[in-house]
Amino acid sequence: MSGKKKADLKVIILGDYAVGKTSLICRYIDGKFQTQEPTVGAAFFLKQWGPYNVAVWDTAGDERYSGLSHFYCRSAGAAILAFDLNNPKTFESLWARFGSILEAANEDCLKIVVGTKVDLLEPEHREITIEEGRKLSRDLNEHIDIRKLPHDPYFETSSLANENVQEVFEYIFQYCLPLSADQKKRHRNQQKSVVDLLENSEEGDKGKKKCC
Amino acid sequence: MAAEVREAEQIGNTSDSDSVQTELLETNEIPGKSENALLVATDSFEDLNYAGLTNGTLPTVSTSGTIHSLVKKKARRASALLDENEAAGDNTASSDETTNAVDQESSEVSGEDSQEDHLESRLTDLSLNETESLPEEIPMTQLIPTSSDIEDVNSLEWKQQRRHIFIISESGKPVYSRHGSEDKLVTIMGVMQALVICTHDFQKDTLRSIVAGDHKFVFMCRDHLTFIGITRGRESTQQMLLQLTYMYNQVISVLTLSTLTRIFKQHRNYDLRRPLSGAEKFFDNLLNLMDVEPGLLLSSVRCLPLDSSVRENISHSIVQHAKVKDLVFALIIAQNQLVTLVRMKKYYIHPMDLHLIINLINASESFKAAESWTPICLPKFDACGFLQAHVSYLDEECHTCLLLLSVDIEAFYILSECKAKIKERLVRYNALKAINDSLRRNSYSIQQCSISDLRHFLYKSRSIAQYTSPELEAPYHTKEEQQRLFDLYHYLHDRIHTSGRQLKILFHVGPYETLLGWVTQGFELYAVFGPLVTKTIAIHAVNKLLRWIKKEEDRLFILSSVTF
Ligand SMILES: Nc1nc2c(ncn2[C@@H]2O[C@H](COP(=O)(O)OP(=O)(O)O)[C@@H](O)[C@H]2O)c(=O)[nH]1
Ligand SMILES: [Mg+2]
Numbered sequence: 001m002s003g004k005k006k007a008d009l010k011v012i013i014l015g016d017y018a019v020g021k022t023s024l025i026c027r028y029i030d031g032k033f034q035t036q037e038p039t040v041g042a043a044f045f046l047k048q049w050g051p052y053n054v055a056v057w058d059t060a061g062d063e064r065y066s067g068l069s070h071f072y073c074r075s076a077g078a079a080i081l082a083f084d085l086n087n088p089k090t091f092e093s094l095w096a097r098f099g100s101i102l103e104a105a106n107e108d109c110l111k112i113v114v115g116t117k118v119d120l121l122e123p124e125h126r127e128i129t130i131e132e133g134r135k136l137s138r139d140l141n142e143h144i145d146i147r148k149l150p151h152d153p154y155f156e157t158s159s160l161a162n163e164n165v166q167e168v169f170e171y172i173f174q175y176c177l178p179l180s181a182d183q184k185k186r187h188r189n190q191q192k193s194v195v196d197l198l199e200n201s202e203e204g205d206k207g208k209k210k211c212c
Numbered sequence: 001m002a003a004e005v006r007e008a009e010q011i012g013n014t015s016d017s018d019s020v021q022t023e024l025l026e027t028n029e030i031p032g033k034s035e036n037a038l039l040v041a042t043d044s045f046e047d048l049n050y051a052g053l054t055n056g057t058l059p060t061v062s063t064s065g066t067i068h069s070l071v072k073k074k075a076r077r078a079s080a081l082l083d084e085n086e087a088a089g090d091n092t093a094s095s096d097e098t099t100n101a102v103d104q105e106s107s108e109v110s111g112e113d114s115q116e117d118h119l120e121s122r123l124t125d126l127s128l129n130e131t132e133s134l135p136e137e138i139p140m141t142q143l144i145p146t147s148s149d150i151e152d153v154n155s156l157e158w159k160q161q162r163r164h165i166f167i168i169s170e171s172g173k174p175v176y177s178r179h180g181s182e183d184k185l186v187t188i189m190g191v192m193q194a195l196v197i198c199t200h201d202f203q204k205d206t207l208r209s210i211v212a213g214d215h216k217f218v219f220m221c222r223d224h225l226t227f228i229g230i231t232r233g234r235e236s237t238q239q240m241l242l243q244l245t246y247m248y249n250q251v252i253s254v255l256t257l258s259t260l261t262r263i264f265k266q267h268r269n270y271d272l273r274r275p276l277s278g279a280e281k282f283f284d285n286l287l288n289l290m291d292v293e294p295g296l297l298l299s300s301v302r303c304l305p306l307d308s309s310v311r312e313n314i315s316h317s318i319v320q321h322a323k324v325k326d327l328v329f330a331l332i333i334a335q336n337q338l339v340t341l342v343r344m345k346k347y348y349i350h351p352m353d354l355h356l357i358i359n360l361i362n363a364s365e366s367f368k369a370a371e372s373w374t375p376i377c378l379p380k381f382d383a384c385g386f387l388q389a390h391v392s393y394l395d396e397e398c399h400t401c402l403l404l405l406s407v408d409i410e411a412f413y414i415l416s417e418c419k420a421k422i423k424e425r426l427v428r429y430n431a432l433k434a435i436n437d438s439l440r441r442n443s444y445s446i447q448q449c450s451i452s453d454l455r456h457f458l459y460k461s462r463s464i465a466q467y468t469s470p471e472l473e474a475p476y477h478t479k480e481e482q483q484r485l486f487d488l489y490h491y492l493h494d495r496i497h498t499s500g501r502q503l504k505i506l507f508h509v510g511p512y513e514t515l516l517g518w519v520t521q522g523f524e525l526y527a528v529f530g531p532l533v534t535k536t537i538a539i540h541a542v543n544k545l546l547r548w549i550k551k552e553e554d555r556l557f558i559l560s561s562v563t564f
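Top to bottom, those sequences are chains A and B.
For the first sequence, the residue numbers in the UniProt record's numbering are 1 to 212.
For the second sequence, the residue numbers in the UniProt record's numbering are 1 to 564.
Hints listed in this document are in silico derivations from the structure and should not be mistaken for laboratory results.
There's no promise every hint is true.
[Stated by the list, open to error] These stretches of chain B come out as covered by chain A in the derived footprint (C-beta under 8 Å, 3 or more residues): (1) 355-367; (2) 403-414.
[What the hints assert, rightly or not] Straight line, CA to CA, 27 Å or less: simulated DSS-like cross-link-like pairs of lysine-lysine: (3) A/K6 with B/K325; (4) B/K346 with A/K47; (5) B/K433 with B/K346; (6) A/K32 with A/K148.
We put the CB at the ideal spot given by N, CA and C, even for glycine.
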């Protein structure tokens, strides 16, 4: 992986400590879920989307790295705002902490609100309703023409159960760097073969430590 | 067993050491000596004394501002772009060779220090909605443990820890504890802060250490924080003080000194755990590292043994492909050992800073997942600002870590390109394989020195601040035995450095082994022999060892420093 080629799109992910940001990215890029150590500083991933290169920045939620936020937010085309569906405080943080950070991003930056760990959610204990999530996602995107989007930029995901993860990224990419139906199909196949390959090799040599 | 250890004999001291030395040292070629060192060669241990630690003024004023001066230089360079006169620009900056010089104007730099200011403004924001969980002055009644505290503090496990480290803020708020949660330890920390304050206020004195039974308490106050170390081990007061200094440096490394002082200037009662949250693992890991890595005690760094041609090749790859503006240091670290270090002319790395870098890598699994970009403050380099570290592993197995430290927060993508090129070249020239081979060979065995009865040693070359030592083998292959060996080294090190007069040679017969410690201008050597070795044999053996190290020095040490 190298930053050699200039990326065509920059996607960042923000959110409180331990809401599952790194797990989400690794599920998408590596196609698997493994225990993540807390992120230190900011981490850079490069992802192919059809003919395009997409830079994905994972960040640590800790306060002490706020000095970095300017750097990774600048010229971001899309920002994933992640919160833990089981922890309402992390939802509040999206407004309280990350709104101002995002002022450094592109003016037309697409903001996607993602509720994580839906697998842990017991419907009767739900504190953040789907409508609240959707509303936040609409409010955050006042500046862009929301009609161009297939639906509100709000998702509920599980990296553990591989639910809705692919969808988040493809939603973003398709909006920012639209592919033709044909290109998209090819991308899907590519993506699938990567995942298959990984799963096979995982069975083959379990002992070998593979990093995402 | 410790108590039975008796000193059998001791030869040489400061007064007659020179004659003794010339007699005993059979060679005048000191292994690993170099005029062209890449690390700052200071013996931080001997610099440690309370006088310098307790007066609350900034201890680092003389070296601070390095980063600002570098950034300033960059700004100047940009404005000078038009007239292309680079030579003139370079000259203005070459004021001091050995210390990290401060530009005259650096103190009034304004626009460019955005990073730190951001953090600081965040911190002030947050302090507004902070709930005051602790009273500012702890009333005496609170010093009596409540039931919830008792569980933790009175648990056997907690009590039996060999060493405790606490950090407390001036107002008595817990900041860090190695064992147990700080919240549960509020009371005990309050007591200790009270001790410090009482001594200070009533006796007009500074509390340094207390010995209670087999426990030793050591106190260090610095920049609104009190560091407390409690040990049942063999560490001396001075050695505990060194450990506390590392803890202090780690705080600075995460926050910077300017942020720390600003926080407490604005809110004396601030809960420092907030900005430090997530950083606890660095403190824990650093303390663990101290128990297994003698480099911290010796203020020196261990290099990965490599053929000097391979090492040269590696540093040239870096010089060639990372010649980038504002890149101050580039280094490769493999399993806590230094592979290579390339530095900007005029700037040196202090071994204590290098240990913080090693600790950062050692404690962060997340670097193995992706290229990372993180701020790090190196207190000896510049306590008041952050460097940005581009961190990446060069091999699939994640053994070999490349760090590129820049003053430019925007430099990530450029450095990422450099990294790709460096990696490509290191793969092409089989250098990564050489590193991995060396790692697999496990440094070297004591048997390679072919000196009978020599079981283990630490050799530090003082001019280059590097040390070497063989693998830990039988009888030191169990955890307990390793701990005992470390205790012996602590004992020897302490006797030689801090026992009233400075000793040059110490011969010591213990129940299980015989120790020889030897300190000269050029080196420090700590050797552990089997129990039946006499002084003459030991001295002879050590001379043989010095010759062996001399023969191997190109492989064991980095003797010349490479600059961009
Ligand atoms: N059950 C469940 N746990 C998750 C999920 N995603 C993350 N986690 C766990 O949440 C914790 C924090 O995850 P991490 O990705 O490191 O969070 P980050 O700090 O936001 O990057 C880890 O223990 C993960 O295993 C999920 O979808 N389901
Ligand atoms: Mg993370």
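Each hint, compared with the structure:
Coverage of the segment 355-367 of chain B by chain A holds in this model, with 5 residues showing a Cβ closer than 8 Å to a Cβ of that chain against a need of three. With 4 residues having a beta carbon nearer than 8 Å to a beta carbon of chain A, the segment 403-414 of chain B meets the requirement of three or more and the stated coverage holds. A distance of roughly 20 Å separates the Cα atoms of A/K6 and B/K325; the hinted pair therefore holds under the 27 Å criterion. Of the supplied pair hints, the one linking B/K346 and A/K47 is violated, its CA atoms being roughly 40 Å apart against a limit of 27 Å.
Restraint check for B/K433 and B/K346: not satisfied, since their Cα atoms lie roughly 32 Å apart, outside the 27 Å limit. For the proposed pair A/K32 and A/K148, the alpha carbon gap of about 31 Å is over 27 Å, so the pair is violated.
In summary, the numbered hints that this structure violates are 4, 5 and 6.
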